[in-house]
Structures are given as structure tokens and as C-alpha cells.
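Going down the list, the protein sequences come from chains A, B and C.
Numbering follows the numbering used here, with no gaps: position 165 of the first sequence is 165.
Numbering follows the numbering used here, with no gaps: position 198 of the second sequence is 862.
Numbering follows the numbering used here, with no gaps: position 252 of the third sequence is 1125.
Since the hints were made in silico from the structure, they are not lab data.
Source: prediction; values computed, not measured.
No residue lacks a Cβ here, since even glycine has one placed at the ideal position from N, Cα and C.
The reader is advised that the hints may include incorrect statements.
[What the hints assert, rightly or not] Residues from chain A that keep clear of chain B, each with C-beta distances beyond 12 Å, as calculated: (1) 23; (2) 81; (3) 139; (4) 142; (5) 404; (6) 410; (7) 438; (8) 439; (9) 543; (10) 570; (11) 573; (12) 638; (13) 654.
[Said to hold, decoys possible] Below, computed lysine-lysine pairings styled on DSS-like, alpha-carbon distance capped at 30 Å: (14) 532/A - 897/C; (15) 137/A - 447/A; (16) 569/A - 684/B; (17) 142/A - 602/A; (18) 803/B - 569/A; (19) 1068/C - 684/B; (20) 782/B - 743/B; (21) 533/A - 358/A; (22) 1068/C - 358/A; (23) 579/A - 684/B; (24) 602/A - 803/B; (25) 1068/C - 569/A; (26) 803/B - 579/A; (27) 804/B - 569/A; (28) 803/B - 684/B; (29) 921/C - 533/A; (30) 897/C - 1068/C; (31) 804/B - 684/B.
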Amino acid sequence: MPIAGGRWKGYIAVAAVLANGVVSSGIAIRALAGRVFEERFNAGPILGELSIGVDALSGWFILLTNFTLLTGIVYGIRYLRPYEGNHARLGSHYCCYILNHVAMLGIFSIRHMLGFLCAWEIMTLSAFLMVIFDHGKMEVVKAGVSFFIQAHLSFIFLTVAFIWVRAHTGSYDLAAVSSYLSGAHPALGFLLFLLFFAGFGIKAGFVPFHTWLPYAHPAAPAHISGIMSGVLIKLGIFGILRIILLARGGYLLIGYTILVVSIVSGVYGVILAIVQHNLKRLLAYHSIENIGIIGIGIGLGCIGLGLKNTWLAFAGFGGALLHTLNHALFKSLLFYAAGTVYQGTHTMDIERLGGLVKRLPHTAVLFLVGSLAICGLPPFNGFISEFLIYSGLFHGMAANLETSTILLLAAVAGLALIGGLAMLCFTKAFGIIFLGSERHPLPEPLKEDIPRLFPGYLTVALIVAIGLLPTFFLRLAAPAIDLFTSGPGGRMPAGGEQASGAVIPFMVTLQTISTCTVSLLLVALTVFLIKKKLATRPGVRSSTWGCGYVAPSARLQYTANSFVRPLRKLIRPLLMMNKSEGVIEGIFPPGPIRSDTHPYDKLEAVLIDRPLRMLRRFLGGFRFLQNGSIPAYVLYGVVFIVLILVAPILADAVTYLFGLFKQV
Amino acid sequence: MTNILLIIFVISLVHMGLSKRLNTYTSVLAFQGILLFGVAFIELIQINVPNLLFVLLETIGFKTIAIPYFLNYLIRRNKITRESDPFLPDFISVVIVTSIIICSFLLSNAIRDTHIQKILFVAALSALFTGLYFIISRKKIITHVMGFLVIENGVFVLSLAVGAEMPLLVNIGILLDIFASVFLLGVFVNKIGDVLQEQDVDQLRNLKD
Amino acid sequence: MGILNYLLIAGASLVFPGIIIRTKSLLSGRKGPGIFQPLRDVWRLLRKGAVYSETTSFIFQIAPTVYFASVLMAIAMIPFGSRGGLISFPGDFVFFAYVLALGKFFMIIAALDTGSSFEGMGASREALYSLLAEPAFFILMGSFALLTGHTSFREIFGSLHFGSSISYAIGVLAAFVITLTALIENSRMPIDDPKTHLELTMVHEVMILDNSGFDLGLILQTGHLKFAMYGGLIANFFLTPGSELRYSIGIFLVIQGLFAVTIGVIESFMARFRMNHNPQYIFTLTSMSLLIFLGVLLLLGKIV
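Work the whole structure out from these sequences, hints included.
What follows is the structure in C-alpha cells.
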């Protein structure tokens, strides 16, 4: 690394990631095709026997990780071009990137508890170093530190859970979890599951564990935000899915819990996303919402497992796995476009942008495709996964099963609300940034950077492919889903619906949907061609109709704040808006008066800030101990030694006295 | 048929949560009186003429005609403004009333008594809690009485729910409550209205010692 | 069979707006324009040239096309009693709702494309109202799925039959909810006044202020098609399954006509709600759908 120049470092990094990716993808594709990869080797006296396995579930995640990381690094080397002079920083950044990749592959495949935790820690460290790439700015460092601390909180939860299992079963292998759960009391098993859920949930970003997400994503460089949202969060989802695979019962309760938490996450995430005006923070809150959607799918699948209904399980887990892939694709695409916008205009504030579609047409198209996909609109991929989840929910209601129909209905209403709110948010984001006219003059002339678009268009191709040919991708994911529905050990009794009975109707439905979407595109194209033929006169260009107002200016346009104001007024109790206004004095105030509104996350204020303040106050009471004078510190040492020497003597004396009192 | 009437009853509760004018409240109360008469008429098994007359008097006579008229008289006489000032914005009111309906449904499912008809129970509980919500969330004193009247409607439906016959005592009890509240309010508003100019609940706090 | 339904709805859309305008005129004491006048307006617009604003981009030029195509696609899914629409599969109402949402997305960003504050106003309101009306539709469909045990439009309407009084109540309430949804989606009274000329109070008309020529013709015709589409959806409540074709077509046309006349009557006699109040009224639809759902639960005797 130190030997190569700046640009060459980038190319070496791409080559390394590509090599890693090809090797692991090969194994993954074979795993998805049915041939599971398993290896055991002796890893020394501490770890014992380390087993590595790639089954269909790991395979699916490995494939999406590799694709996203590849597009990330290809975009990243162009994005980091302004920093080319700084060799050390670049070198360490690329090293951390490759390390992160390897660590993630390790997390997906290592079946040994301590090995898993090692890989987790390596992933956290490398991600932290990548996030604080721009460490000259204070808020970047603060955001990185908050991410670091919360990642370690998740580490603590996982460690406690693993220690619990090890203490009861004596083995380090992940399969021990399943043997423990099959023998333990259901309440204890559920508690263990909650520990795992907390640990993985912090990583995934479920509410109320989400507070690190909106800080870490804006602070990191664009390609890192993209892979964080696309892949890092999915590690939490992978963990939860792995624990569900290892569980042996109590699915209904697990399903209900995950469903409720996910509905809350989804709606809360998107509501907070709407009022943000920092583009990357908006996208970060949307990641929380999409994790909520994935969680709804997982919850539905668990309920299906609990009721032994293959259809529900297939729809739920299928939708969740597909949405994992879809979200990785369109979220990374959106972050790349946001990065290009930031580097061109040097601001992330939506309110200062506008009319960029004329300067950055390709980036606008990428952002448009990403927005349409994230709202779940046909003909793109978001619709397919949401449709699967809807199918499962409605089937659950129609089949009149013995489950809480009101909860399923709440999930349906929640998904519908999430879709509508996401549409509001992304029309705002796309419209205010790219459309209209510039709200503030841009600092420098703006040009499109062509090599940067290559990973973006690759992702677009995949998005459109999933949208138009969903059956192919569902068939690809089917082995992973089958792990859940027809697990080992006869989880589905012989009387339950066969797996093939559930898959085939889905394939037929999805085939119909792809025909419909293709015909939709054809109809649109036909109408457009008719229009071109009928409009014989060329279109005249003129200015926008301003109702007779003769001095139009760019500042008359609708701003992002005004666009969401009706909704913000409605949900006022949920938000905390900090408003600062200048005071207007007199009839003709002298200069411009500012009024700023900043949204703040209420949950964060309650869960993080208040305990932090109390902790600080409590610890501040001990501040007198840190007075900086050396004699005092030596005195502390002496006091400690005296206490150690005296303590056993004191303990003996106290027991002797108690014995005396007992005899009295 | 009762089901349709009770569904319309619950919708009228939502409508009451939604509107801002005092006139709407009184007209919804009158409408609820008519609905309750319909429900009582169909539900009562033994209709002997005195009982029927009593029910007719209570529902149509009082709930629909007399009390809304009296309330309108009070509003006009004390020149209370048309708007009802809530503490919470209107949108939240509708959301809360909807969640009250859902919660009363879930509550009624927890009761496993076969003598009760579920939908009557749901309507009764919804009206009860909605009335309580009105009392909590509105500023004007006269809306307190309206909330109380909604609670009375709920109790009426509840008495239908627990038995097809209506014991006379329950009826008299309800009537007494209505009388007491409305007359007290009348006295209150007339006498104290001369002292306190605004009809605001906050002013009542000054009365404590 | 599905193509017959498609043609019926398309045919109704040619006449529908004329009936509304004629009703309103007659109720105001005037004679009013002919029934085919809106059709002639659209035809004239389709042949006119267009003026595009300099602030706009390619989005503005493709948005009306996408809107029109999405509504055309959505009509293909409306059933006709027990004979399905052109397209029918389990869960098709989800596709229906999302295809309409695609059209709305493009209209909203086309409005923001012009860089005018009026259109931004309309866009923000349109986004909010459509988002508030969506859960109502889904909850309604969920309750029907629960009631009939099927999840596609054709099967739901095919097996919906009204026996007890509570199912009649549910049917009437559901038709009411869908009617109100139609009024909201098409920006009619009492949410929005199509005849107002104050941009501060418009919702839908102000979004299309800058469109002209072929695009404007497409947008107007799409509005008419949406009306006829919702009319077709409502007509399904009244089509008993298994009846003969001419009776079904007759009932369908009568219901469409009645729907148009009702809208004309509502528009003539009701004032528009306060703009700040609209979200509450739209949310009431969700409450009513919830009531329908609870009613279905009671009907099935299901506990929770």
C-alpha cells in the first residue's frame, strides 16, 4: 500500500475487492444452488474447533454484499479524487475497506461464537475508521464516536447472549443455540431471543435503537454511507434471521414482537425523514423505514412458521430477503447520487439547491430511479418485495387463521401509510433538489463526471431487471427461503401445505405482474409516440405562468419546508421542533431577519440525552477526585493498599461480632 | 337493524370528535337520541304501553328535544361563542376517537359472557370513553356538560346490552343524572356567568381556596 | 369478457363529466353546455401546440404520458361483477393502488418542475391528501378479504353477497367510503372546488396550470377516466353475480349515471371545507374503514 500512488491505490483496492468478491460469490452461488459449503479446522486452544459454513441464507447475503461493495469502491475511487494528495489517509481508507469486506464475509460464514464476535469487532473498527474519513470536522468525529459506542453496545448484548448459551451447553458452535433453545423454558428462550434481538437490532437500526444512524450517515463520505445503508445494516437482519433459523419454537411470540417493533420503526422513520433538510440524513431515516419493512416481512414469516402455514412463511421471508437486496441496491444508488450532488455544490442542505436536472442530468435520472424504487412503485423492484409482503398479509387475513387479524391489519395500514409518506418525502427530495430553478447561486460551474455514473447505471440495470423479471430473482432466493419453511428435523409436519404448493402460485402471480409492468411501459411508450406524431408544431419555450406577476424570481418557489408543512402541523406531538426566530421590531425592520426550524428526534432526546445528562451529573460529583496533583494520586494508591490489607481482618471481625450477637 | 343503528351511532361519535362548532354538538346529541329510541324500541322484548311511553319520553322527549333546546338557550343567552376550543388539535382528536373505538372493541372481546351482545357493548364503551375524552380535552364549560350527556348515552346503550328488559330504576337513575347536570349547569351558568365573563374552565380554578 | 368492461368504462368516461356539468347547470337554473362538450374540449386540446416553460425539464414532458398510461393500466383491473377485468390475480388491488400512485408521483414532480409557488402548493396538498386516503382503501380491501376469503378484485366482488342486516350496513358503508375516496382523488367537493379560480385554494387544477396542448388534453381525459373507473368500482357493489349480461350492463350504466348526478348535486349544494380541515375529514375515511373491519369481525364472530 505505501508503495503505490494515490490513483493506483484505488485501482488496487478495486482489484482486491473484485478478487474477494469473485471467490466468495462462487461459493455463494454454489450454496444457493444447493451445495452447502462446510469446513472445519482447528483454530488453536482458545477457540477450539472453528466451523465455517455457507448455506443458502449466507449465500444470498454474500452475493448482495459483494455487488454493493463493488459498486461502492468503483464509485469511491472517483469520489475521493479531491483527496488524492493525501496518501496516508487514502491508503488507510482503502485498507479498512478491504478489511471490512473480509470481516463481513466472515460474519456471514463463521459458525463459531467467538469467531463471530471477532469478525463483528473487526467490522466495527474498520467501519468506524472509514466513517471518520473527514476527521477534520468536529461533528464527523462526534458522529463516528456515537456510532462506535452504539456498535459496542450491540457487541455487549451479543456477548452476553453467547456467554449464556455457552454456560448452559458448553459448546462454542452456533448450533448450540438451537440445542439450548429446544430444551429451555419458553420464557427463558424468549428472553435469550430478546437479547439477540437487541444486539442485532442496534446494528440494524430498529426503533428505539436507531439513534446512531442519522448521525453516522451524513458524516461519512458518500460511498461509505451507501455501503453502510446497503450492507452494514443488513448484518443485523442477517443475525436476526440466523437466530430465527436456530430457534425451535415460540415463533408466534417472536413474530408478534418483531412485527410490532417493525411497524413502529417504519412509520417513525419515515415521519422523521420527511422533516429533515439534510439530504443524507433524510436518506438515513429512510433506511430505518426500510428496515421496518423488512422487519414486517420477517415478523409475518415467523407468524407463518408459528401457524405452520407455508404460504405466510414464504411470503414473509421471501419479501424480507428480496427487500434486503432491493434496499441495498436503491439505497446505495441514492447515496451515490447524493454524493455527486454534494461534491458539485458543497452543501447538503436541500433548501439551497434546485434546478440541478439541467446541470447533472444523469445524476437526476439515477436519483429519479432510486426514488421511484424506494417508494415501491411499479415497474421497479421495491414494488415486488412490498407486494410479496402484502400478499402474505392479505392471505393471512383471508384464510381466517387463528391469529391476531387486527395485528395483520395494523401491518397493512402501516405499510400503506409508509408508502404514502415515502412518496411525499421523495417527491419533496427529488423535486426540490433537481427541479425548478436554483434557490441559491451555485459556487462553481457544474459538470457531470462520467466515470462516476458507471456503478450507478449498473445498479439501475439490476433494479429494472428485478422489477421486470421478478420470477428469476425469486427463484434465486427460493433456496434461502426454503431454509425457513422446510427446515431440518421436520419443522413442517406432513399434514402442512407443501412448499411447492406455495411457491408456484407466487410465481404465477409474479409472472402476471411482470407482464403488466411491461405492458405499462409499452402503453406509456405508445402514447408518447402518438404525441410526438400528433404534435406537428414544435413546442414554444416561454416562462412559467406566474398569474400575471411581472417579476418572477427563484425565491418564489416552494421550499422543502413549505412542501411538508401541512404534514408537519398534523404530527406536531410526535416531533420536537426547535425554532429560533429573530425578533422583529418596528414597522420597517432594518435588515433580514432569520427564522430557523430544526427538527430533532424526540426518542433520542428521551432515551439518549436525558440519561447522558443524568450520568454526567452523577459522575460530576466525583470530579473532585481528579484534581491533578500528584501527591493526591499517590494518596489514592496508599488508601487502596491499606484497604486491601485491612479488608480480610475487618471481615473476620464482623463475622465474629455477628456470631456473638447470635448467641445472645 | 340494531347493528346499523349502532354503527351510525359510533360514526356520530367520530363526527362529534371532528367538528368545531357547538351547534354540531347539540345536533349530534339530538340525532343520537333518535338512534337510541330506535335501538331501544327494537331491543325491548316486552313492550307494554307504560314502558314504551316512558322510553319514548326519555329518548325523544328529553335527549332529542328538551336538552338540545335548553343547551341552545344557554348558548344564546350567555353569548357563548360558536367555536369549541380544544386543547389538542382536531386531527389528533379524530385519531384518539378512532383508537378509543378500537380499544373498546378489544376490551369487549376480553369478556366471555354470552348474555351480552357484543356490538352493544362496543358502542357503549366507545361512547363512555369518548364522552370522558371530551370532558378532558375541551376548554369551555358547556362542552363538559355535552361530554357528560354522551356518557349518559353510553350508559343507556350499556343498560340495553346487559339485559333485554330495562329495569325502571336504571332509567330513573339516568334521568336523575341528566336533570341534575343540566339544571346545575343552568344555575351555574346563569349566576356565575354574570361574574366570570369568559366561559373558560381555567377560571374555575380561581374558586379554590 | 374483460375487454367489454374496459370499453364500458372508457365509454362512460366520455359522457361522465358532461353529465356532471349539465346537472350543475340545471340546478343553477341555466341550460348549460351539451353533454359532449368536455369531449370536444379534449379533442381540441389534443390538436393544439404546446408551450413549455424554460424552467422545466424532460420530466414535465413525460409526466402526463405516464399519468395517462397508469390510469389506463388501472382500469384494466376493475372487475365487472363476477366476470373479471382484463387482468386479475390475487393481490391485484395492491397493484391497482400502486400504479395509480405512480401516476400521482409523476404529476407531483411535474408540478414542482415548473418552479412556481402555486404549483408547489398544489403538489404538497395533493401528496398529503393521497397519502391520507391510502390506508382507508387498504383497510377496506383487507376487510373484504377477511369477509370473502379471497384476495383479488374479481373473486371478492364475485362472492360478496348481502344476507344479514349487518352485511348490508357494511356494504353501504363501503360504497360510501369508495365514493368519498373517488371525490378526494378527483379533487371534487367537498375537498376541493373545481370551479375556484383562486390558486390559494386549489389542489389539483393548480398542479396543471402550466400544461398546455396535447399534455393538457391527456390530463383532462385522465381525470374523466378516473371518474368512470371509480364509478365502475362502485357499480360492482350492485351487480349480483350470475345475472345476465344485459341486466349487468344496464345496472352498470344506471349506476354510473346516478354517480355523476350525485356528484353534480353535491357540488351544487355543498360548500368546500376549510383547507386546514381537509386532513381531518380524509382521516375520517380511515376511521370508517376501521369500523367496517370491526363490523366484519363481528359478522364472522371472530375474536380479534
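Here's how the hints hold up against the structure:
The Cβ of residue 23/A lies farther than 12 Å from every Cβ of chain B, with a closest approach of about 54 Å, so its non-interface assignment holds. In this structure residue 81/A is separated from chain B by more than 12 Å, as the shortest Cβ-Cβ distance comes to about 49 Å. For residue 139/A, the condition that its CB be more than 12 Å from all CB atoms of chain B holds, with the nearest at approximately 34 Å. Here residue 142/A stays apart from chain B, with its beta-carbon at least about 35 Å from theirs, past the 12 Å limit.
The Cβ of residue 404/A sits about 10 Å from the closest Cβ of chain B, inside the 12 Å cut-off, so the non-interface label is violated. Not every C-beta of chain B lies more than 12 Å from that of residue 410/A, the closest at about 9 Å, which undercuts listing it as non-interface. Even its closest Cβ contact with chain B, about 35 Å, leaves residue 438/A beyond 12 Å, as expected for a residue assigned away from the interface. No beta-carbon of chain B comes within 12 Å of the beta-carbon of residue 439/A; the shortest separation is about 30 Å.
The beta carbon of residue 543/A sits about 38 Å from the closest Cβ of chain B, which is more than 12 Å, so the claim that it is off the interface holds. Annotated as non-interface, residue 570/A brings its C-beta within 12 Å of a C-beta of chain B; the closest such distance is 5 Å. Distance to chain B contradicts residue 573/A as a non-interface residue, since its nearest Cβ pair spans about 7 Å, not more than 12 Å. The Cβ of residue 638/A lies farther than 12 Å from every Cβ of chain B, with a closest approach of about 62 Å, so its non-interface assignment holds.
Its beta-carbon lying about 54 Å from the closest one in chain B, residue 654/A satisfies the requirement of being farther than 12 Å from that chain. Proximity of residue 532/A to residue 897/C is assessed by CA-CA distance (about 37 Å); at most 30 Å being required, the pair is judged violated. For the hint linking residue 137/A to residue 447/A, the alpha-carbon distance of about 27 Å falls within 30 Å, and the restraint holds. Restraint check for residue 569/A and residue 684/B: satisfied, since their Cα atoms lie roughly 18 Å apart, inside the 30 Å limit.
A C-alpha spacing of about 19 Å is found between residue 142/A and residue 602/A, which places the hinted pair at or below 30 Å, so the restraint holds. For the proposed pair residue 803/B and residue 569/A, the alpha carbon gap of about 21 Å is at most 30 Å, so the pair holds. About 26 Å separates the Cα atoms of residue 1068/C and residue 684/B, which keeps this hinted pair within 30 Å; it holds. For the proposed pair residue 782/B and residue 743/B, the alpha carbon gap of about 42 Å is over 30 Å, so the pair is violated.
Annotation: proposed proximity of residue 533/A to residue 358/A holds, straight-line Cα distance about 26 Å (limit 30 Å). About 35 Å separates the Cα atoms of residue 1068/C and residue 358/A, which puts this hinted pair outside 30 Å; it is violated. For the proposed pair residue 579/A and residue 684/B, the alpha carbon gap of about 28 Å is at most 30 Å, so the pair holds. Restraint check for residue 602/A and residue 803/B: satisfied, since their Cα atoms lie roughly 27 Å apart, inside the 30 Å limit.
For the hint linking residue 1068/C to residue 569/A, the alpha-carbon distance of about 28 Å falls within 30 Å, and the restraint holds. Among the hinted pairs, residue 803/B with residue 579/A is consistent with the structure: their alpha-carbon atoms are about 27 Å apart, no more than 30 Å. Using a Cα cut-off of 30 Å, the hinted pair residue 804/B and residue 569/A holds, with the two alpha carbons roughly 24 Å apart. A threshold of 30 Å between alpha carbons decides the hint, and for residue 803/B with residue 684/B the separation of about 12 Å falls inside it, so the pair holds.
Distance restraint check for residue 921/C and residue 533/A: the Cα-Cα separation of roughly 12 Å lies within the 30 Å cut-off, and the hinted pair is therefore satisfied. Distance check on the hinted pair: residue 897/C and residue 1068/C sit about 11 Å apart at the alpha-carbon level, within 30 Å; holds. Between the alpha carbons of residue 804/B and residue 684/B the distance comes to roughly 12 Å, so the proposed pair stays at or under 30 Å and holds.
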